[in-house]
Every structure is written in C-alpha cells, then in structure tokens.
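Peer 1: In order, the protein sequences belong to chains F and C. Position 144, counted from 1, in the first sequence is what our numbering calls 144; the numbers after and before it change by one each time, with no gaps. Position 282, counted from 1, in the second sequence is what our numbering calls 282; the numbers after and before it change by one each time, with no gaps.
Rather than coming from a laboratory, the hints here were simulated on the basis of the structure. These figures come from a predicted structure and were not determined experimentally. Mixed in with the good hints there might be a few duds.
Stated by the list, open to error - In the BS3-like style, the derived pairs of lysine-lysine whose C-alpha atoms are separated by at most 25 Å in a straight line are: (1) F:K146 / F:K130; (2) F:K130 / F:K34; (3) F:K185 / F:K34; (4) F:K38 / F:K130; (5) C:K118 / F:K11; (6) F:K87 / C:K118; (7) F:K185 / F:K11; (8) F:K146 / F:K38; (9) C:K7 / F:K217.
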Amino acid sequence: MAESPARTRRKFRYGMVIDTRRCVGCKACVVACKAENKTPPGVAYTVVVEHALPTGPNDKPLFMTKPCFHCERPPCVDVCPVSATFKREQDGIVVIDYDRCIGCRYCITACPYGARFFDFGENYPSVAEKTAYARVPSPEYRQFRKRAADTSPVGNVRKCTLCVHLQDAGGRYDQAAGRWPACAKTCTGRAIFFGDFNDPESEVARLLSERHGVRLKEELGTEPNVHYLL
Amino acid sequence: MDPRSLKRLFWISGLVFFALGLIGWRDRFLYGHVSANYGSVVTWGLWVAAYIYFIGLSAGSFLISSLVYVFNMKRFERIGRLAVFTAVVTLLLALISIWADLGHMFRAWHVIAYANFKSPMAWMIWLYSAYVILLVTELWFLLRADLVAGGRAPGPKGMVYRLLALGSRDQSEAARARDRWIVRALATIGVPVAIMFHGGVGALFGVVAARPAWHSGMFPIIFLVSALASGGALLTVIAAIFQDGWQRNRDTVIALGRMVLGLLLLDVLFQVSEMLVAFYGGIPGHTESLRLAIGGPFWWVFWWWQLVLGTLVPIVLLVLPTGRDPRWVSLAGLLIAAGFLGVRLNIVIPGLAAEEIRGLSEAIASARMTTYYVPSATEWLVIVGVVGLGLLLFGFGELLLPKEEEAGHVRV
Ligand code: SF4
Ligand code: SF4
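With the sequences and hints as input, model every part of the structure.
Peer 2: Printed below as a string of structure tokens:
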C-alpha cells in the first residue's frame, strides 16, 4: 500500500454484526458505499441480496446486506499468485494492492461469498463526459486515484475495504466524528453494526454475546468476520 | 484429398485466421476488457478455456514424444520431433491466450517476482517456466546436427539454419551421441515436470472450495488423461498432414489412433464417475453446475459438441474398420481435438455460473453481475487469431526445420 496507516502491534479484529430483522431492504448502504468509494458500474462493495422465503404468502422476504466478510482464513488471499490480496496484520482487513494485482481474477473464483468484482474500466456517463464529478478522486486506501484506462484500479479486482481510508494513523475509527464505514453510518434501519470484536465492550461483541449469530458457509472454514442475527 | 491440397488449405486457413485475429487483438489493446463478456460472477471465459485447452495439447504431445525419447517406443519414432515441436507451439498459444486474459498484461512478470507459495497458480507458473526452457532446449538438441548440416546450403534457407544452429558446427558422431544423450535426459526430466504442471492446472481448479463443481480430487487426474487424449488426437492430425502426410506416416497414424481411443475411453470413465457421484449425493451446490452443463442454455455444447462430435463419432470411427485407414483415423483425431475445447468450456463456465450466494446476480443491475455468459466477438476473434498463429508457426516449422530423418537415425 502506498500510504497504509502506521502499523500498530495491537491487533484489532474489525467486523460487522448485521441484524436481518432490522433490515428493510432500502439499499441505502449500497448507495452510500458507491458515494464513499466511487465505485464504477458493475462494481459494488456491498449488495443487498433478497430471498423470498418459500414458507407462505404472508412472509416478508429476507434481506441480507453483504459486504466482504474479511474472513479470518480468507481463501482469496491463499490463491492470489502474486500476494496482491492480503490480510492486514494489524486489523484483519483484507485488502488488495492495486499496483501489484495482475487482474487474473483467481481470487474472484475462490471467494465463496461473491464479495469481489473486476473493474472492467467502465465509467458512469458523468465521468465519461468529464463533468466536475469526474475530477473527484476516489479516497480508497488513501490513494486518491483517478480512473483512466490501463492504470489501476482499472483491470484490477476490487472489494470492500471496511472504508479503511477513514482510520486514523493508529488504525482506529471514530463513529462520533463520522469516520465510520459508510454503510454502517447510513443504514436507515440501524441494521449494520460495525466494530472491533477484540474489544469486549464494543457494540458488536455485546450483540454477539446477547443474541445468536450465524455466519455463512461455516463448512468452508473461512471464519467470516460478519455475523448475521436472524 | 491428397496431402498437397491439404497443405494449401492449411496455409490459407492459417492466414485468414491470423488476419481475423488482428481485429480482436486491436480491440483488446485499445479497450482492454470492456468488450469481453465475462463479469464478476462468470469471471473466466473463453480465454481461460482456450488456455487450459492449449496447455493440455502441449502436455499431451510432450508426454507422447517422451514415449519415443524416454521409453524408446519405435512405433512413434517418426513423429517424435513433430510431437516436441507441437508441444512448443501449443504452449506458446496457451501463454498468449492467458496473457490476453490478464487485467494488467504488462505486469505478467509479477508472477515470478512476487510469487505466493500458497497459490496453485504460482506453482503452475514456475513449473511452466521450467517446462518452456526444457522444451526449447530439447528441441534444439534434437535438431542441432541437422541445423548444422542445413547451414551449409547457400541462400536464405542456409542462413536461417546457421542462425538457428547458434554457432554450433560439430557434426561428428560423438557430438550426435552427446545430443542424443541430452535429449534423453531432458525428456526424462520433462515427464514428471509435464505431469506436475498439467496436474497443477487441474489442481488450480480443484482447490477452489467455493465452486463445488471444481472441488474434486479427480480434477488433476482428469486433466492429465484429457491432456494425453487431446494431445494424441492433435498429433494424429498433424502426422497425417506433415512430413509427406498420411501416405508415409500410415502406421504411426493408426497406432496413435488406437492409443487415443484408449485414452478417450479412460477420460469418459472418469467424467462419468464424477457425474454419478455428484448426482447421487444430490447436494444442490454440487449438482447445479452439472445441471447447467447438460441442461442449461448451452446444453448443445455438452450433447452435440462434446458428446456426439467429440466422443461418440470418433469412437465409432476408431472402432470400425475405418480405424485402419489413416484418413478416417486423422478425421477422428480432428474431431476429438476439437471436441476437447467443448470439454474445457464446460469446465470453466458452468463451474462459475452457479451463484455463490443465492440472489447475488439480481442484487445489482449490471451486465457484469449475471450468470449468463456467451463469449463476445472480440473474445472469439482473439482466439481465432491465436489458432491462426499456431497454424502459421506449424507451416513455417515444416518449411524451415529439417525434415524428419529416416527412422533408425533418430534412435536414442
Ligand atoms: S468474503 Fe471473500 S473477498 Fe472477503 S475475505 Fe472472505 S474470501 Fe476474501
Ligand atoms: S486478480 Fe489480483 S488480487 Fe485477485 S488473485 Fe489475481 S492478482 Fe491476486
């Protein structure tokens, strides 16, 4: 990373608890994420998946907002031939070094959760037509890249970073100051909780101790850091 | 058709394919991946399928050449050099296909500089690099004496030979004996390398637990068997066209046909076993991709291309008395070789086209987030161009490289 925050020895374990009962399926998180990370068409760091539960006509559908799970044992990291995808030691966030990634997309095949997207180089019309919006660089990883053909991140794989660019130099987020992952900050139903699982006082740790959480595809041994409350 | 007009047909198609390919490559270089139809669900497409296809042909023909140079099998002696040459050319085609597929083509060197020991793809690349060096060296020592001899001829052809001989002049029997020894040594080292790296290509898919259709211990083995079958099939065609064609290579073509038949049946056995186990288990994630392959929008790739044209018709041709006519045998070879592209497509695409999380492809409206994939015109043209390049290289190889020596002389 060009400008990764200073490494701290303390290991945060950042992750999310998502309460599916509070999610109303408004997709505000999807939009907030787009606005924060300026992702191009076809790239979405979080999506809301909708299941019509087949139990009866009066049942609500199940909405599930789904960012990257920042797995404890991420298969995407293992398969990357050039170690462009890696799990940060200090906080467990899985990131991509855009300047190293060769765009082979092996990691996309290996992620069991569909959390990765290839950047084909497509732009929204406002960017393609070089309006003022096109000049706003994306703050991702604090690298402030402008999109242009043949330069990263075009031709790279991209994914949710837990808005890592909002951390301070010590690797901390600050909810009160607004330095908080965009999806969690914006969620209208307050369904997305973000925090450090290593801190027993954190909201996410408390929620997990009070209610029963599930993780997806436990059988694959990936140990996702996003838990769902049903 | 006599070999002469076959050869003309060969040159013309090579040139036409190559020219068509230029259109595709222009688009690839100017617009990157924008005109490719794969996305973030079906993220590998025709280019990856073509890559594993060519790689299989290369590993297969190399392993068959080792029957001559390691195991001293006389029956295939006449095609020994041709097989090594085929292995070099198809390997080159494979590397070009996968190069086109990279998001950042000019970072290909990263895979050597920053290799990750845990990634099967990285292992595959190291083994390749070893294999490339080994193949080219082996081919050079196979041809060295003839290159030296040819270098004495006047004119441009002699010059090409002198250039290719790299300054070597020794034509003594001792030098030839040394060459033979080196070829044998290289071919022997090459056998485990070729097995490992093509098994490694199978492992590249096999380790991906996120895609149940690939996640099988059978994959490395199936990849090997299908490499041998497809490589052998291609060699029967090549042996029937080159070096005076089927008239002189009659026995070799027929012997190859028999071997390919056996390998193809073994391959079918493995594939059937995969399917039976999957359907018996009936785990939806596992069967979804297989269902897609046999009953999805591209059912005809499986039923017609892979099964009827690539498997049943050639088996019939090889089993009936036509199996003793080199022309029918090489037609069967052509069908098998072409059929395996269908096999490769059916591994890559349906394996990816099953959503990892239900509802994913509907979550955002984007052509890149769909389970439906048909290669775009650009994708096809790029591969047509690669095939054209392959045909031209064969043509030049046949024109420039020394002719097959009389059997007996090549013995190692
Ligand atoms: S969810 Fe996918 S992309 Fe994210 S860490 Fe896990 S395997 Fe990697
Ligand atoms: S696409 Fe990039 S991050 Fe993903 S496996 Fe390939 S090199 Fe690694």
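Peer 1: Now tell me if each hint is right for this structure.
Peer 2: Now the hints, each set against the structure:
Our distance criterion of 25 Å between C-alpha atoms is met by F:K146 and F:K130, whose separation comes to about 12 Å. With a C-alpha separation of about 18 Å, the suggested pairing of F:K130 with F:K34 holds against the 25 Å cut-off. This hinted pair checks out: F:K185 and F:K34 have alpha carbons roughly 13 Å apart, not beyond 25 Å. With a CA separation close to 15 Å, the supplied pair F:K38 and F:K130 stays within the 25 Å bound.
Pair hint C:K118 plus F:K11 holds up; C-alpha atoms about 24 Å apart against a cutoff of 25 Å. Restraint check for F:K87 and C:K118: satisfied, since their Cα atoms lie roughly 14 Å apart, inside the 25 Å limit. For a cut-off of 25 Å, the pair hint linking F:K185 to F:K11 stands: about 23 Å separates their Cα positions. For the suggested pair F:K146 and F:K38, the alpha carbons sit about 10 Å apart, so the restraint of at most 25 Å is met.
The hinted pair formed by C:K7 and F:K217 fails the criterion: a straight-line CA distance of about 56 Å is larger than 25 Å.
In summary, the one numbered hint that this structure violates is 9.
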